[in-house]
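**Student:** Using the sequences and the accompanying hints, generate a full structural model.
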Amino acid sequence: MSVDTTTTETPPPIVGKPGGRIGDRTFLTITRLAGLLILVIMGSIAAFLVWQSVPAIRQVGIFNFLKTQEWNPQASPPVYGIATLVFGTAMTSVIALVLALPIGYGVALFIAYYAPRKVAAPMGYIIDLLAAVPSIIFGMWGVYILMPHMQGVGMWLNNYLGWIPIFKNTLGQYTKSLLVAGVVLAIMIIPTIAAITREVFVQVPSAQLEAAQALGATRWETMRMSVFPFGKAGMISAAMLGLGRALGETIAVALVLSASFAINWHISEPAGNTIAANIALKWNESTPLGISALIASGLVLFLVTLGVNMIARGIIARNAAFSGANG
Amino acid sequence: MSATATAPDAVDAAPSLNARRLPLWWPLVGLLLAIVVDIIVKTTGVITGTLSLIILALTIFIVASTGWSMAVEGRRHAVDRTSTIVLWSAFLVAFVPLVSILATVVVRGWNAFSVAFLTSTMRNVLPTDTTGGVLAGIVGTIEQVGMAVIIAVPIAVLTAIYLVEYAPSFKSQRMPKIVSFFVDVMTGVPSIVAGLFVYTFFVLALGGQRSGFAGSLALTILMIPVVTRATEEMLRVVPNTLREGSLALGIPRWKTIVRIVLPTAAGGITTGVMLGIARVAGETAPLLLTTFLAQDVNWNLFSGPQASIPTFIWDQFGSYTTASVDRAWAGALTLILVVAIFYTAARVIAWLTAPRTR
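Protein chains in written order, with numbering that gives the first Met the number 0: chain A, 0 to 326; chain B, 0 to 357.
Just so you know, the hints here were simulated from the structure itself, not pulled from any lab data.
One should not assume that every hint holds.
No farther apart than 30 Å at their CA atoms in a straight line, the calculated lysine-lysine pairs in the DSS-like style are these [to be verified]:
(1) B/Lys-254 x B/Lys-176
(2) A/Lys-167 x A/Lys-66
(3) B/Lys-41 x A/Lys-167
(4) B/Lys-176 x A/Lys-231
(5) A/Lys-66 x A/Lys-281
(6) B/Lys-254 x B/Lys-170
**Tutor:** Shown next as structure tokens:
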């Protein structure tokens with residue numbers, strides 16, 4: 000979402016208690032309740048997921064739930080655990096971040112300082128459009144267009160970088176791999192990273208830019224001396240928000256991956272699954288215990304994304320406090 | 000004497016304004032070289048992969064331009080030119096998938112896309128039949144997203160009013176800060192988690208049905224933070240003089256907000272709502288958990304499984320027959336059109352209602 004950095008006006012402070020009259024007091028209470036409702040929703044997401052996870056985790060024990068690689072709640076005794084899912088989620092997200100970060104930062108820098116002034120705004124708009132494409136369409140595109148193209152990339156990695164274990168491919172098959180899923184996710188999070196970083200980049204005080212230019216700095220040197228130091232916190236939190244989005248992405252990954260249950264470090268081989276994709280794929284065929292197990296895995300996903308997002312927002316919030324004063 | 004003796008040295012050391020620079024058409028040389036080499040390599044058959052050729056061309060472009068710049072302008076400007084090329088490439092790399100996705104959806108979606116597709120359902124249609132359509136999905140999406148708007152917009156607007164209009168005058172900023180923080184964190188809630196939550200809350204705890212309404216609730220959770228943030232921004236750009244003028248006339252604060260501030264910001268809030276709709280209309284994961292799949296039109300939002308455009312695509316894509324995959328792509332085209340309509344509407348409304356600077 001693009002946010003214009005217009006000058007903000009805060010309403011005039013009211014002397015005395017806000018809402019001295021009945022109408023005012025009522026209206027304030029209503030708006031306060033709406034604000035509270037947001038907190039209640041966030042709290043109850045955690046509470047309800049925990050409540051429904053308990054049966055599944057009790058059944059196998061928390062330790063087994065974390066380290067089992069299989070997913071078979073219908074078996075007797077039921078066997079399921081999130082080890083493969085956590086591995087797949089982490090691996091696809093890391094691949095996505097590694098690919099998307101340089102491009103996302105590059106796009107942000109390009110639109111903020113390098114693109115010709117007149118076309119910079121439409122270019123930003125075009126990149127934002129990428130964020131509006133529904134994830135199921137990313138998934139279909141990934142299967143039909145990207146996957147055939149990734150064959151060559153996978154082969155190249157195997158031939159020339161195969162001595163690095165993760166790039167090795169022993170099967171000779173390159174479709175439906177964690178690598179393809181990671182590339183799809185990378186494309187999906189580029190707009191997120193670019194939009195947030197761009198917002199921070201355009202806030203660099205012009206005095207700092209001019210100071211660098213007055214010293215005879217080239218454009219790139221201005222970026223290094225003024226923009227990067229100022230934007231560092233924003234770049235970090237943009238990366239974390241992108242990570243949060245990649246971790247929770249469901250449908251695109253569900254379409255692209257082969258949904259197997261074994262940890263496979265060879266990222267170009269067809270294998271792997273993620274927490275979110277597994278929930279979507281297994282949902283309709285699940286018994287109550289299976290549903291509970293899926294909810295438990297969703298709880299893990301929720302807690303991880305919550306943590307990542309809270310850290311990212313914390314960094315932004317802490318930084319906003321002094322960035323305005325510098326302008 | 001000594002001052003006049005040192006002055007010329009200082010001038011010589013500083014970069015001269017007349018230093019030799021590359022001509023304005025500098026990118027053409029590198030590009031031309033890259034294309035020529037690519038054609039030679041391709042015709043001789045050394046490298047034929049499209050991706051490899053592009054990477055080769057880019058490398059040649061960068062090396063040639065940097066080398067030329069290094070020879071004429073020196074190292075610092077050479078680095079600068081390289082950064083320019085790299086950043087342009089980053090933009091193009093992000094741009095290519097977008098074009099590819101849109102082109103794919105239009106080309107493949109066109110096979111099965113027709114008026115009949117938009118006005119028929121999947122009732123009594125086999126996966127191999129070429130008939131059938133997305134009508135049930137369109138009805139479902141309109142009802143589910145409409146209900147989500149009805150629930151989410153009041154909550155979001157009221158929260159924004161609380162944060163912007165009232166919170167600055169509070170003595171303790173703790174509560175507004177917490178709310179504002181969690182609105183941001185809420186944007187990061189994965190859509191599948193929203194679906195799981197509504198299932199546990201609405202279906203398991205309250206005993207509700209898996210229905211279109213359950214889907215609406217999940218979409219509501221995804222929509223609230225988007226609309227809240229947009230509304231907040233719009234309220235912040237309403238000029239304070241309007242508020243002060245109204246308050247000075249003795250109008251109560253709540254009436255000032257409802258009659259003066261909100262109408263002024265209405266255009267921007269509408270834009271935010273449209274963007275929110277564009278975001279949730281394409282959500283598939285939460286609907287799979289909450290609405291189920293349905294082949295026929297179900298007008299009742301509150302009872303029984305209801306289709307939607309995204310779940311229609313999911314269902315058809317999973318059948319793996321040529322006809323059903325064609326239908327899935329046509330569904331994708333429909334979905335892109337729906338999203339595009341709301342996205343464009345958002346921009347048009349934003350443009351029409353933007354304050355004109357004279």
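**Student:** Next, verify each hint and record whether it holds.
**Tutor:** Checked hints:
The hinted pair formed by B/Lys-254 and B/Lys-176 meets the criterion: a straight-line CA distance of about 25 Å does not exceed 30 Å. Taking the CA atoms of A/Lys-167 and A/Lys-66, the gap is near 25 Å; set against the 30 Å cutoff, the hint holds. A hinted pair counts as satisfied when its Cα atoms are at most 30 Å apart, and B/Lys-41 with A/Lys-167 qualifies at roughly 28 Å. Taking the CA atoms of B/Lys-176 and A/Lys-231, the gap is about 23 Å. The hint holds against a cut of 30 Å.
Taken as a hint, the A/Lys-66 and A/Lys-281 pair is honoured in the structure, with Cα atoms around 19 Å apart against an allowance of 30 Å. With a CA separation close to 23 Å, the supplied pair B/Lys-254 and B/Lys-170 stays within the 30 Å bound.
Hint violations for this structure: none, all hints satisfied.
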